[in-house]
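> Next come the chains, spelled out residue by residue.
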Amino acid sequence: MILNYSQPLEFTNLITWLDTALRSSMSEFWVLLIEFVLVAVGLLAAYSVIAMILIYAERKITAFFQARFGPNRVGKYGIWQSVADVIKILLKEIIHINRSDRFLFFAAPFFMIIASMLTFGAIPFGKFLHAVDFNIGVLYVTAVSSLGIIGVLLAGWSSNNKYSMIGAMRSGAQFVSYELSAGFALMTIVVLAGTMQFSEMIEGQRYCWNLFNGHISSMIAFVIYLISGHAETNRGPFDLPEAESELTAGYHTEYSGKQFGFFYLAEYLNMFIIASIATTVFLGGWMPIQIHGLETFNQIMWYIPSYVWFFAKTGVLIFLSLWVRWSFPRLRIDQLLNLEWKYLLPINLVNIVVMVIIVLTGLTLTDLFPGLF
Amino acid sequence: MSSILEYFSGLFKGIKSLLIGMSVTWKELWTKKVTQQYPENRDTLVISDRFRAELTMPHDENNEHACTACGICQMNCPNGTINVLSATIETEDGKKKKILDTYTWDLGMCTFCNLCVITCPSDAIKFENTFENAVFTRSKLVQQLNHEGSKLRVKPPKSTESVTKSTECITKEAQNK
Amino acid sequence: MAEQIIFYILAAIIAIFSILAVTSKQIIRSATYLLFVLIGTAGLYLLLGYHYLFAVQIAVYAGGVMVLFIFAILLTNRPGENAKTERKDRRIVAGITSLAGLAFCGHIIYWNISKVYTFVVPAEMKVQDIGHTLMGTGKYEYLLPFEFISILLLASIVGAIMIARKR
Numbered sequence: 001m002i003l004n005y006s007q008p009l010e011f012t013n014l015i016t017w018l019d020t021a022l023r024s025s026m027s028e029f030w031v032l033l034i035e036f037v038l039v040a041v042g043l044l045a046a047y048s049v050i051a052m053i054l055i056y057a058e059r060k061i062t063a064f065f066q067a068r069f070g071p072n073r074v075g076k077y078g079i080w081q082s083v084a085d086v087i088k089i090l091l092k093e094i095i096h097i098n099r100s101d102r103f104l105f106f107a108a109p110f111f112m113i114i115a116s117m118l119t120f121g122a123i124p125f126g127k128f129l130h131a132v133d134f135n136i137g138v139l140y141v142t143a144v145s146s147l148g149i150i151g152v153l154l155a156g157w158s159s160n161n162k163y164s165m166i167g168a169m170r171s172g173a174q175f176v177s178y179e180l181s182a183g184f185a186l187m188t189i190v191v192l193a194g195t196m197q198f199s200e201m202i203e204g205q206r207y208c209w210n211l212f213n214g215h216i217s218s219m220i221a222f223v224i225y226l227i228s229g230h231a232e233t234n235r236g237p238f239d240l241p242e243a244e245s246e247l248t249a250g251y252h253t254e255y256s257g258k259q260f261g262f263f264y265l266a267e268y269l270n271m272f273i274i275a276s277i278a279t280t281v282f283l284g285g286w287m288p289i290q291i292h293g294l295e296t297f298n299q300i301m302w303y304i305p306s307y308v309w310f311f312a313k314t315g316v317l318i319f320l321s322l323w324v325r326w327s328f329p330r331l332r333i334d335q336l337l338n339l340e341w342k343y344l345l346p347i348n349l350v351n352i353v354v355m356v357i358i359v360l361t362g363l364t365l366t367d368l369f370p371g372l373f
Numbered sequence: 001m002s003s004i005l006e007y008f009s010g011l012f013k014g015i016k017s018l019l020i021g022m023s024v025t026w027k028e029l030w031t032k033k034v035t036q037q038y039p040e041n042r043d044t045l046v047i048s049d050r051f052r053a054e055l056t057m058p059h060d061e062n063n064e065h066a067c068t069a070c071g072i073c074q075m076n077c078p079n080g081t082i083n084v085l086s087a088t089i090e091t092e093d094g095k096k097k098k099i100l101d102t103y104t105w106d107l108g109m110c111t112f113c114n115l116c117v118i119t120c121p122s123d124a125i126k127f128e129n130t131f132e133n134a135v136f137t138r139s140k141l142v143q144q145l146n147h148e149g150s151k152l153r154v155k156p157p158k159s160t161e162s163v164t165k166s167t168e169c170i171t172k173e174a175q176n177k
Numbered sequence: 001m002a003e004q005i006i007f008y009i010l011a012a013i014i015a016i017f018s019i020l021a022v023t024s025k026q027i028i029r030s031a032t033y034l035l036f037v038l039i040g041t042a043g044l045y046l047l048l049g050y051h052y053l054f055a056v057q058i059a060v061y062a063g064g065v066m067v068l069f070i071f072a073i074l075l076t077n078r079p080g081e082n083a084k085t086e087r088k089d090r091r092i093v094a095g096i097t098s099l100a101g102l103a104f105c106g107h108i109i110y111w112n113i114s115k116v117y118t119f120v121v122p123a124e125m126k127v128q129d130i131g132h133t134l135m136g137t138g139k140y141e142y143l144l145p146f147e148f149i150s151i152l153l154l155a156s157i158v159g160a161i162m163i164a165r166k167r
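Protein chains in written order, with my numbering: chain A, 1 to 373; chain B, 1 to 177; chain C, 1 to 167.
Hints in this document: simulated from the structure, not taken from any laboratory.
Idealized CB from N, CA, C, for every residue including glycine.
Derived lysine-lysine pairs resembling DSS-like cross-links, with alpha carbons at most 30 Å apart:
#1 A/258 <-> A/162
#2 B/32 <-> A/60
#3 A/162 <-> C/166
#4 C/115 <-> C/139
#5 B/96 <-> B/155
#6 B/33 <-> A/60
#7 B/27 <-> A/76
#8 A/342 <-> C/166
#9 C/25 <-> C/88
#10 A/162 <-> A/92
#11 B/33 <-> A/88
#12 A/76 <-> A/60
#13 C/139 <-> C/126
#14 A/76 <-> A/92
#15 B/140 <-> B/126
#16 B/16 <-> B/33
#17 B/98 <-> B/126
#18 A/342 <-> B/13
#19 B/33 <-> A/76
#20 B/97 <-> B/155
#21 B/27 <-> A/60
#22 B/32 <-> A/76
#23 A/342 <-> B/16
#24 C/25 <-> A/162
#25 A/60 <-> B/16
#26 B/151 <-> B/98
#27 B/27 <-> B/16
Partner residues aside, some chain A positions facing chain B, computed with beta carbon under 8 Å:
#28 64
#29 65
#30 67
#31 68
#32 69
#33 323
#34 326
#35 327
#36 328
#37 343
Please build the complete structure, drawing on both the sequences and the hints.
What follows is the structure, given as structure tokens:
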């Protein structure tokens, strides 16, 4: 390992120092307990802060796409706007709906938020900033993110409102369809990388990102993952579950205050999660850009902290998602399902076979140019 | 075979049109912002002359207006916004004459339909584009348009004729309605 | 100690929600309680370190089966409106029968479990091993069942299309 020294901005030293300090003073059980709680608090804090930043960025970029300024009143350039919004939403009254299923009505937002929290925990934010690193990382992420849809369906059902119901049904059909494509696109890369663990995947992309390593097949998988991930989050041209002109707000029409905040937060964080998984799987995650042979260049790249690399790559993908969102009109439900079942899924299935052939016959870039990548 | 061709040509055409759409929005991202930042740009703000915000009665430098207190604007107002109070005075040659006493206009009731201005036979009133009309109490919305001590402008005899003509014309129209 | 506490919490969740799932009158609530039971089971797998099984349990049951259940319930007309309770004598008989079954099974499990179980070393299983086992043809390898399942799924897809087309 070339560089185990002089990365002053990484969290590595802080974490090791904390761990040794705790271990020197108390027993294993308490050390683990305190560390778990610390990790959970850190993740929750990151979750809400990232959501606030995303809401601000989304509003600003949206405004730029529409030749407006966006929020610019609360603080300079409106940077405190989302903080103000959060305070407002926390203080709002939670409205009870008559003749609705109270228990399911209250449970539904938690499904959404828990699903996105569980996925959020598995994201490698940087070197050593990785809470859950299972050896089935990719499978875990696709599995737990599917819990959210139950929240949507229950929310639509328990609101006792036909708009919510239609929104929930649409969302369910959409999510179940596109989850398939997203999973297949990730599996294509699992074939290439030969592992499901995020940390190993990132390590394998040190000199050549998966996006380029499997060239044509990887690129197709990348595009399909972005499209289906975008559709899973109910945003952009795929936002017909909450098509405001037809369904007021879809499945969260009847929610207010904190409960609505949960849905809102989960929606924004799902956008971030999709982008960050795409970053990790296709774009090398937190690994800085490294080139074979150029040791000084690699060294300089390592001085930029890993989490900066991660958030920069993720930011580019989030911008792409916003760009798509403000470019295209909303799809009809039949167009939506056509896109998935007639285009994305068949292409995906062929793509996996192509990827297997590429890997088996040694046509990946690392195999073709071993000195370069 | 042709259906397969159609499938792929449709796919690539679709991708092409999507990319065109994205390039359009990309250009839009860098265009100049069109937002008017209102309270800050009051000095440079341009409001169209045709914008109807406030009914006014123009007075000239001698504090004279053109209103003959005929009451046509009051009759034509769909909301009863205008109230023309007239007084009768005796002129020097002994004729009785109706002159304007108070001309009140209720901003709160007005729908800015412009009928009063159109029908005014003597062009005595017009809409201005001064739009900052917010007040704290409703009673302040009722404004008196004629200034204190103002009087009717004496028209040169030539134009009087034409004005009367047009007045008759418009009055008839109004009555027909 | 921590594992024991987590186990008891999970066991309590599974037991309580199993009972609720059976006794609830509204079918959509039953489905939700069943989902909690399945998630609790997934939690047990996680506690044992079987991450693969945990992910599959969540993906298949929570993401697939439960969504299908809820969809089916949402598509029915006014679910749970005509739910009736069983006659009292029948309820008593059913209760006694189920308790007897529980006692019988519990007895067998309690007295025989120490003879057959082996301690599993809590080590993380590699996905590659699972893949090779699923795809292998040797002893303790499962290619044939795997292919049988795929044929079964294919048959059900064909059947679903036949029903859906209605020509």
